[in-house]
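Undergrad: Next come the chains, spelled out residue by residue.
4 protein chains.
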Amino acid sequence: MHALEMIGTHPEVRSVPVHGVDALAACVEACFDCAQTCTACADACLGEEGLEDLRRCIRLNLDCAALCSAAGEIASRRTHPNLALLKQVLEVCAEACRICGAECARHAGHHEHCGICRNACDACELACRRAIEAAGLN
Amino acid sequence: MHALEMIGTHPEVRSVPVHGVDALAACVEACFDCAQTCTACADACLGEEGLEDLRRCIRLNLDCAALCSAAGEIASRRTHPNLALLKQVLEVCAEACRICGAECARHAGHHEHCGICRNACDACELACRRAIEAAGLN
Amino acid sequence: MHALEMIGTHPEVRSVPVHGVDALAACVEACFDCAQTCTACADACLGEEGLEDLRRCIRLNLDCAALCSAAGEIASRRTHPNLALLKQVLEVCAEACRICGAECARHAGHHEHCGICRNACDACELACRRAIEAAGLN
Amino acid sequence: MHALEMIGTHPEVRSVPVHGVDALAACVEACFDCAQTCTACADACLGEEGLEDLRRCIRLNLDCAALCSAAGEIASRRTHPNLALLKQVLEVCAEACRICGAECARHAGHHEHCGICRNACDACELACRRAIEAAGLN
Numbered sequence: 001m002h003a004l005e006m007i008g009t010h011p012e013v014r015s016v017p018v019h020g021v022d023a024l025a026a027c028v029e030a031c032f033d034c035a036q037t038c039t040a041c042a043d044a045c046l047g048e049e050g051l052e053d054l055r056r057c058i059r060l061n062l063d064c065a066a067l068c069s070a071a072g073e074i075a076s077r078r079t080h081p082n083l084a085l086l087k088q089v090l091e092v093c094a095e096a097c098r099i100c101g102a103e104c105a106r107h108a109g110h111h112e113h114c115g116i117c118r119n120a121c122d123a124c125e126l127a128c129r130r131a132i133e134a135a136g137l138n
Numbered sequence: 001m002h003a004l005e006m007i008g009t010h011p012e013v014r015s016v017p018v019h020g021v022d023a024l025a026a027c028v029e030a031c032f033d034c035a036q037t038c039t040a041c042a043d044a045c046l047g048e049e050g051l052e053d054l055r056r057c058i059r060l061n062l063d064c065a066a067l068c069s070a071a072g073e074i075a076s077r078r079t080h081p082n083l084a085l086l087k088q089v090l091e092v093c094a095e096a097c098r099i100c101g102a103e104c105a106r107h108a109g110h111h112e113h114c115g116i117c118r119n120a121c122d123a124c125e126l127a128c129r130r131a132i133e134a135a136g137l138n
Numbered sequence: 001m002h003a004l005e006m007i008g009t010h011p012e013v014r015s016v017p018v019h020g021v022d023a024l025a026a027c028v029e030a031c032f033d034c035a036q037t038c039t040a041c042a043d044a045c046l047g048e049e050g051l052e053d054l055r056r057c058i059r060l061n062l063d064c065a066a067l068c069s070a071a072g073e074i075a076s077r078r079t080h081p082n083l084a085l086l087k088q089v090l091e092v093c094a095e096a097c098r099i100c101g102a103e104c105a106r107h108a109g110h111h112e113h114c115g116i117c118r119n120a121c122d123a124c125e126l127a128c129r130r131a132i133e134a135a136g137l138n
Numbered sequence: 001m002h003a004l005e006m007i008g009t010h011p012e013v014r015s016v017p018v019h020g021v022d023a024l025a026a027c028v029e030a031c032f033d034c035a036q037t038c039t040a041c042a043d044a045c046l047g048e049e050g051l052e053d054l055r056r057c058i059r060l061n062l063d064c065a066a067l068c069s070a071a072g073e074i075a076s077r078r079t080h081p082n083l084a085l086l087k088q089v090l091e092v093c094a095e096a097c098r099i100c101g102a103e104c105a106r107h108a109g110h111h112e113h114c115g116i117c118r119n120a121c122d123a124c125e126l127a128c129r130r131a132i133e134a135a136g137l138n
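Chains as they are written, first to last, in the working numbering: chain A, 1 to 138; chain B, 1 to 138; chain C, 1 to 138; chain D, 1 to 138.
Treat each hint with caution, since some may be false.
Each pair may be met inside one copy or between any two copies, as identical chains are not told apart.
Straight-line alpha carbon distances no greater than 20 Å define the calculated SDA-like cross-link-like pairs of lysine to any residue that follow [what the hints assert, rightly or not]:
{"no.": "1", "residue 1": "K87", "residue 2": "R56"}
{"no.": "2", "residue 1": "K87", "residue 2": "A23"}
{"no.": "3", "residue 1": "K87", "residue 2": "I99"}
{"no.": "4", "residue 1": "K87", "residue 2": "V13"}
No lab work stands behind these hints: they were computed from the structure.
Turn these sequences into a full structure, and let the hints steer you where they fit.
TA: The structure is reproduced here in structure tokens:
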């Protein structure tokens, strides 16, 4: 993805310290990746046998995809950023990833896509928390 | 919109007390309305003279639209709901509406669309807070 | 919703004939309504017994919600509009509504939410086609 | 991203020829990448001097991001796919990328972010067209 490349070209970023920027770009990429993975996982679950046991997983995947999408979009913006809001957004995104990842972990033994999705959620949760810290949002 | 009509037909809702459900449906509708209004306001600002003074307004409108979209989507789901997450989602949505509404209010004297948008944001913030309370999420 | 109110305040619209504008605003509102209804229907189906027979319905509802969201967002913008692209967007949205509405109709006898959703999809398909015509896009 | 990895784990895909699947996964990844890049470009443009000359670019970036998001989401789903609709979705996405890429190209000499975005749009347009062809959708 182009998130890190793009962030360095923003007029408000061209002179800021790179540390927080790297973590934020990594967070953006993790969010978009997780949004896609959760969308695909919800759909794969929908196609499986034993669908009744996957209702909660599908539900959490859909919510997580929606939040990662919104968080990735908002974190991509550097013009007049509202840091307090960004922190709140990344926190709720991290929480959604935590919950979804835990549910996917329950099914990972039976469904490979849930294992991959659990990894994407874990990575996104971590990336969100790192971005909150590195960008001085806490 | 059909949010209230739909919520009554959900298998997990057909037997629950109507109070929290009404507030939640009203919140869903306010979120979708606000997402559209903020999208339209960001675009109207983009077409105005004196665009430099509207950068922050456009930015906040885009963020608010993204969060209202995600919140409206998540609050529309009643299958295996995670109430703690829903509360957090509605809180960040309410906060985005508060911030965006305040910025739109600054421009409402010059731009009618900002006045309408300020109203939609105020209504959505209120609807989110009411839903948190009525659905026993606090 | 505020779509019609907002559209009249746009700098590029304040002087254009109202006919096409009314149809476009109605289309925007139908899109946001349909996006919410399809999201809710997919979720209600997910909570029903006999879930295996509802896989296709859930799938189409999720796709339709995504397209109505995108179409409603794009049709809300009047700054430097690209009419050829808008037409294509409304056409694919109408088609998604047609397909989703037909699938929901198959289940409407058993599931009230599918009946409501079929109506929302029918209304949105019609609104999109009217907007294409009234705004001179065909 | 995990699109290719995920697509191979889907119950409906585990036995299909890999050619069309690779192209579709690549298309999904290009869509998510482009959605992020266009979101970032619209925001970078919003922060630049000479904003009046970038109105159209911002507008097209926002539309393109919305369509790439929807297309990437829909193309991620393999349960009961509607291939005719998928083709139409990828075609409108490719067209949005073509138009947005052309506008970004106009500003690429002055704004590095527009040059990166032009590349992402070009890549996404190509990936969509390849997916239409490779998956036998034309």
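Undergrad: Give a verdict on every hint.
TA: Evaluation of the provided hints:
Proximity of K87 and R56 under a CA criterion of 20 Å is satisfied inter-copy only: 18 Å between copies versus 27 Å inside one chain copy. Proximity of K87 and A23 under a CA criterion of 20 Å is satisfied intra-copy only: 13 Å inside one chain copy versus 27 Å between copies. Taking identical chains as interchangeable, the C-alpha atoms of K87 and I99 lie at most 20 Å apart whether they share a chain (18 Å) or sit on different chains (14 Å). Taking the shortest Cα distances, K87 and V13 sit within 20 Å of each other inside one copy (18 Å), while across copies they are farther apart (33 Å).
Hint compliance for this structure: no hint is broken.
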